[in-house]
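Q: Please build the complex by placing chain G on the supplied structure of chain Z, with the hints as guidance.
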Amino acid sequence: MKSYLKTTAGFVLSATMATASFGATVNVGELQGFTGPLESMIGPMSGGANLAVTEANASGNYLYGTINVVQGDSVCIDPAVAIAQAEKMINDDNVMAIMGPNCSGNTGAVITNVLVPNGVVAISPSATSPALTTLEDGGWFFRTAPSDARQGPVLASIAISRGQTDMAVTFSNSDYGKGLADAFVTAYEAAGGTVTVMAGHDDDKADYSADVAALSAGGSATLAVLGYANTGGRGIIAASEDTGAFTDYVFGDGMISELTSGAVADGSWGTMPSPDEALGANWVAVAAAGDVDGSGVFSAEAYDAMALIILASQAAGSTDRAAIQAEVMNVANAPGNKCSAGDLGTCLKWISGGLPVDYVGATGVELDAGGTANGSYAEREVIGGVFTNVKIHQ
Amino acid sequence: MTSESIDIINAFALLTNFVILPALSYGSQLALGALAVTLVYSILRFSNFAQGDSMAFGTMLVILISSYMISRGWTITGVPTALLAIPMALIGMSIYLLTMDRLVYRHYRRIKAKSIVGISASIGVMFVTGGIVRFILGASAQRFGDGERFIFSVREFKAYTGLEQGIALKTSQFLTVTIALLLVSFLFYFLQKTKTGKAMRAYSDNKELALLSGIDPDKVVQITWLLVALFTTIAGTLYGLDKGFAPQQYHLLLLPIFASVIVGGIGSPIGAIAGAFLVAFSEIFLTYAYKKFLIYLLPLSMHPTSLVQLIGTEYKYAISFVILVIVLLIKPTGLFKGKVIVDE
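Line order of the protein sequences matches chains Z and G. Sequential numbering from 1 applies to the first sequence in the numbering used here. Sequential numbering from 1 applies to the second sequence in the numbering used here.
No wet-lab data here; the hints were simulated from the structure. Just to be clear, a hint being listed does not mean it is correct.
Below, a list of computed lysine to aspartate or glutamate pairs in the DMTMM-like style, where the Cα atoms sit at most 20 Å apart [stated by the list, open to error]: (1) K391/Z x E381/Z; (2) K114/G x D101/G; (3) K195/G x D218/G; (4) K207/G x D101/G; (5) K178/Z x E314/G; (6) K158/G x D248/Z; (7) K338/Z x D358/Z; (8) K337/G x D205/G; (9) K291/G x D166/Z.
Bear in mind that the values here come from a model prediction, so they are computed numbers and not experimental data.
Bound-form chain Z, shown alone (with noise of 0.2 Å):
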């Protein structure tokens, strides 16, 4: 019995020993709202960030062991949920760096309480909140969305360049859908359209009625739903065309999805971040191969978040979480040699050879001195009961 214990002690020990001189295991966190509001959108957000650490472990190219994905749950819309998620993946797993949080409120408040005093760097695929540009983040949160700021005056422009000069406006009550109304609104009106009401709606509802009457008692026949396709957005959408109120739409980002577009007619439109069309492309092949929606919404934003941790570790010589804060604008912007999504491996090996990155990625990364993503939009309109893409607006 004793001799047993002792091979398997020995083993053990030489099976450690052994992963260790191949390569230790390296934590990195993916902390997305798993359930909650976004949960319809995650599928294809989780599988592009697991796609990018598939396709940097599998080239080998990566130093500093085989990365492992540490998931946790955000819930989107329960900060302190999103909190205790990453505080855990920090003081437990030791993760180098973290890919997330989603909804712009839970990612205000990680922020503020897990990031900026423990020092690691997290980057979010889809808070597009406005306020998050001006929030105290040390240096530390970065995102590969753009910001509500842009979406907000591209929704406007593209609202008044088809003529739709009035409308009314409802947006989801939480950091996203003010964030965006406002940005919206303020354009809008000031490119002379008419918002004939505004009025937020909570998401979750058990009833959208009364929203819908109230909404349409401004005499607008155009409605621009900001807010979620899964949950307050679908319910406005159902409501409004059960009662006829309203007859065209406009979409923020979080609407576009089959969702919505199985349930309105054709014509309506929205927008949704989006690289120009031989990147969309690109991303849209290497997703398929990697078994992926890549038309998901965020998915290309999710693959590029994680693939700047990668990059920015590669770069910084270790995993240390500092290091890693000090690389990932020098990976993520000009100048360098440019890789684009499915090129991990090379680029990779190009940082370890002392080669400058321009990582250019799925969605066209270019971070501006804030650590948000310029980003591109995309007008896609209802046709035939699908979104489809009409034009990349810069």
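A: What follows is chain G alone, placed relative to chain Z:
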């Protein structure tokens, strides 16, 4: 706008389309859920927090069965297949509820646990049930209604009547109100006229006395769960046909349902129905913007320029709870004298 400045018919059509019809169907859906809560409360003596998620479970069964039926072509034109799937789903739902009773609630009944223990147990059942639904069907929202969506749409109504304001009547609204009416009549007949119903009422009024007079408590409990299965499955399906299915939304339906039950008087079936309609109508009536309505009714000189909205729609969640607080302050037992269980 017609030259006639006062236009009662259009004003009425407007109100019907945006306020009365939606409130009527929402109220009916709440009423069915509230009846299930009130039944559990009067017989099993705890507030069933698992109600919302149970509705999701029942609806899930309906979705699974109806999609199978559609794939086999077992449909009837004009009738949502979901309705045809209800009887099968009812069997599954009954088995699920009885199993949960056997695994969870029976133990606490046997040891005569306090009402709060039953509540806590039901919260556990709530999470398990919600988890199962998400596991099987996923967390995303989906629509499962087929067949004709409208009995008549706004456009058809306008073309037919020539009115400026249209009214739409959805198939799901019509079904909701009709089925709710049938079910409620059945429940009252059952409770008032049948032997089992009388036994249930006796058990609810005075448990000890009922046991002495030879009523089988296990049978009463089983019948209660069967009724709960009936109301839960149908309420969930009607709600889903009307507004779409999403597990999270069903989970949160619990709040307006509880508000209805308590406003009406917990343990009182008629109170549950009245409470449900009160909650539904007050939410929509108080937050409606009456601008267009008043423009139809008032002479030109008095036309309002503002939206004429009593309370912003942002606050509509608060409305049912304000009503709840007021009712509890003035009449703690609810509008229709419910009962308050006191643990011995």
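Q: Hints first: check each against the structure and report whether it holds.
A: Hints and how they fare:
1. Simply put, K391/Z and E381/Z have alpha-carbon atoms about 9 Å apart, close enough for the 20 Å limit, and the pair holds.
2. A threshold of 20 Å between alpha carbons decides the hint, and for K114/G with D101/G the separation of about 16 Å falls inside it, so the pair holds.
3. Distance check on the hinted pair: K195/G and D218/G sit about 15 Å apart at the alpha-carbon level, within 20 Å; holds.
4. The suggested pairing of K207/G with D101/G holds, with an alpha-carbon distance near 19 Å, which does not exceed 20 Å.
5. Between K178/Z and E314/G, the direct Cα distance comes to roughly 13 Å. Compliance with the 20 Å bound is thereby established for this hinted pair.
6. Restraint check for K158/G and D248/Z: the C-alpha separation of about 19 Å stays at or below 20 Å, so the hint holds.
7. Among the hinted pairs, K338/Z with D358/Z is consistent with the structure: their alpha-carbon atoms are about 5 Å apart, no more than 20 Å.
8. Between the alpha carbons of K337/G and D205/G the distance comes to roughly 13 Å, so the proposed pair stays at or under 20 Å and holds.
9. With a C-alpha separation of about 17 Å, the suggested pairing of K291/G with D166/Z holds against the 20 Å cut-off.
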